[in-house]
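Based on the provided sequences and hints, a complete structural model is requested.
As a plain string of letters, each chain reads:
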Amino acid sequence: MSVYILGIACYYHDSSAALLKDGILVAAAQEERFTRKKHDTSFPINAINYCLKSQGISIKDVKYAGFYEKPFLKFERVLFQHLEMFPKSLKTFISSIPSWINEKLRVVRATKKKLNYKGDVLFIEHHLAHAASAFLVSPFEESAILTVDGVGEWTTTAYGLGKGKDIELMKELKFPYSIGLLYSTITAYLGFSVNNSEYKVMGLSAYGNMDKETNPYYKKLRDIVDIKDDGSFRFDMGYFIYHYANRMPSKKLCRLLQGPITKDGSEMTQRHKDIAAALQLVTEEILTSMLNHVHKATKCDNIVLAGGVALNSVYNGKILRNTPFKKIWIQPDAGDGGTSVGAAFYIYNSILGNKRNYVLRDAYLGPEFSTSSVRSFLDKNKIKYSEFKDDEELLKNTSRLIFNNNVVGWFQGRMEWGPRALGARSILSNPCNPKMQEIINLKVKHREKFRPFAPVVCEDDALKYFDCDKPIPEPTDFMLMVYPIKKEWRSKIPAVTHVDGSGRLQTIRKDQNFLYYHLIKEFGKLSSIPILINTSFNIRGEPIVCTPLDAYKCMMGTGIDFLVMDKFLIKRDDNLQDMWNSEKYAKD
Amino acid sequence: MKELKNFFKGFKKGMGDFGQGITSIVNSALLLIVYLMGVGFTSIFAKLFHKHFLDRKLSTKDKTYWADLSLKKKSIEKYYRQF
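For the record, the sequence lines run as chains A and B. In this text, residue positions in the first sequence follow this note's numbering: the first is -3, and each later residue adds one. In this text, residue positions in the second sequence follow this note's numbering: the first is 321, and each later residue adds one.
Bear in mind the hints are in silico, worked out from the structure with no lab data behind them. A few of these clues could be false.
[Unchecked claim] Just so you have them, the derived chain B footprint on chain A, three or more residues with Cβ under 8 Å:
1) 72 to 84
2) 153 to 163
[What the hints assert, rightly or not] So the derived list for chain B, only partly shown, Cβ under 10 Å to chain A, looks like this:
3) GLU323
4) SER348
5) ASP382
6) ARG401
As the structure is a prediction and not an experimental result, all values here were calculated from the model. Positions of the beta carbon are idealized from the N, C-alpha and C atoms, including for glycine.
Right under this line is the structure:
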């Protein structure tokens, strides 16, 4: 009889569930995709139901459920914050304690009640769940591990060693010192939303002055961070208030950065860009020292990273060049959403002592919809469509549409695991058109002008266009590494070339996604450049689409020209426009 | 009839909102008392005895801020604990 382990992460941000069958990850999804609330924190009942349904099992078949943190340890930290910061923490005490009493300290009750689950619930320390989510699904038998995020229970950063099925986290940095919280604080200062828009600040940094000598804000930020030679650090906490207030930047920090908190939606000036660059520089400086130290302490050439900071793809692309590590691995959902995977694997491999028998090679772990169910959806809703007779016709026609500068919604197979669209729920378009960034922004995304779009390229073509590490690290498959685009190609693919000449590329291998791979190749036959723009299939402020209905609504509410869903082609202009104003719903 | 239905619908919603309002006022009042009596007194006593709950000081003497964690596999019983 198969052993099923369920991993659960919830009540902070990015709730998710993951299911293992005999040590193989068979399903994983974030709750937001089902509830359509971005970064949904609620108990992931829909994601769990999907996981169980995908295997045709019920909750009775699950042997263990694993939770991604120790709630009482975390609550201890929260109480200690209030004790230390009395009476300044009154407001956050009143706003946060009810949720602790009502749900966060009642995980077992919620799991049993909402799922009618009668089995055991195990609690894995947050950073151990992060570490397991990276190491136990990596291709490495032995690896150094670094986890860096906002905060777990007490730990904000930890490092250790993974060997076979065992993990040991040796050292930690504790709250309130956290790179994740530093990044979030500056994100809030620049007028973006916390735990959501950190990647925008990362994108903005390329427009700023990346020279430590001349960036006026680098020295200011550097002066309030004490970085030791081994990468451990502390902040001058006089500049931060996140340990007692909901609002992140303090008045003192505002004075340091010479201006008030930026209002949401404000135009980004050179000052904002330089602040973002200074933050990225400080982050990179800390992480490089830290990784050098971790290499020295573990004497291992492989590194796995996890935690929200591991989504900093700009820095990830520099790791192998700036540190002694030779190989790197990051799983697609390195942030808190990914800890459900870690909790489940830690139970199966480390606690129960089963051998590792799985490597995460692609991110297609979410729901899929059969051809008949898609057809039935289209027919039922009287949607006009045409049907491709085979894959060849689908590839030829779709690549032609993209080549002709149409914006195409691409809905194929199982939905991706993690925050990036990787060719299952993507919007695709032509990167050779210099106006394409503007066109997509105008038609669909309505996002900030400074944010670049990402290129996708077949793995066997990547080195021709991008200055990647060799061999190309596997996290590039999950759009987690930014590399320079080779100079001679930058002007030929302007829509995906960032201001600093870099691209946050996704590489795709034939065995990962056959149709997607061949679509890019087919486009290459028309354009002579086998690269596409790949951006997530959603409108700003909404989660990536999950179902055919989500995809159709997204197309009809925006300016996406065509939707290629399974083997069906839907033209926006052939169908009645919904009274659905995407801009009205665009939030962030 | 329709107007009556709408009235009761609105009335029910209004009562619900009123109930929620009362709940949040009572909760806030209770939490305020807990905060002042529980957190406040403990915090004041702790401060009198120089006890700190968060380490908020920079150190020029120490060569490192890394602290021992030694988090590794424990017996399965330990994972039933939420602390």
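Comparing the hints with the structure gives:
With 10 residues carrying a beta carbon less than 8 Å from a beta carbon of chain B, the segment 72 to 84 of chain A meets the three-residue requirement, and the given coverage holds. Under the rule that three or more residues need a Cβ within less than 8 Å of chain B, the assignment of the segment 153 to 163 of chain A holds, with 4 such residues. The interface hint given for GLU323/B is broken, as the beta carbon of that residue sits about 28 Å from the closest beta carbon of chain A, more than 10 Å. Interface restraint check: SER348/B against chain A, minimum CB-CB distance 5 Å, threshold 10 Å, status holds.
Using the Cβ-Cβ criterion of 10 Å, the hint placing ASP382/B at the interface with chain A is satisfied: the shortest such distance is roughly 8 Å. Interface hint at ARG401/B: satisfied, since its Cβ lies 7 Å from the closest Cβ of chain A, which is below the 10 Å cut-off.
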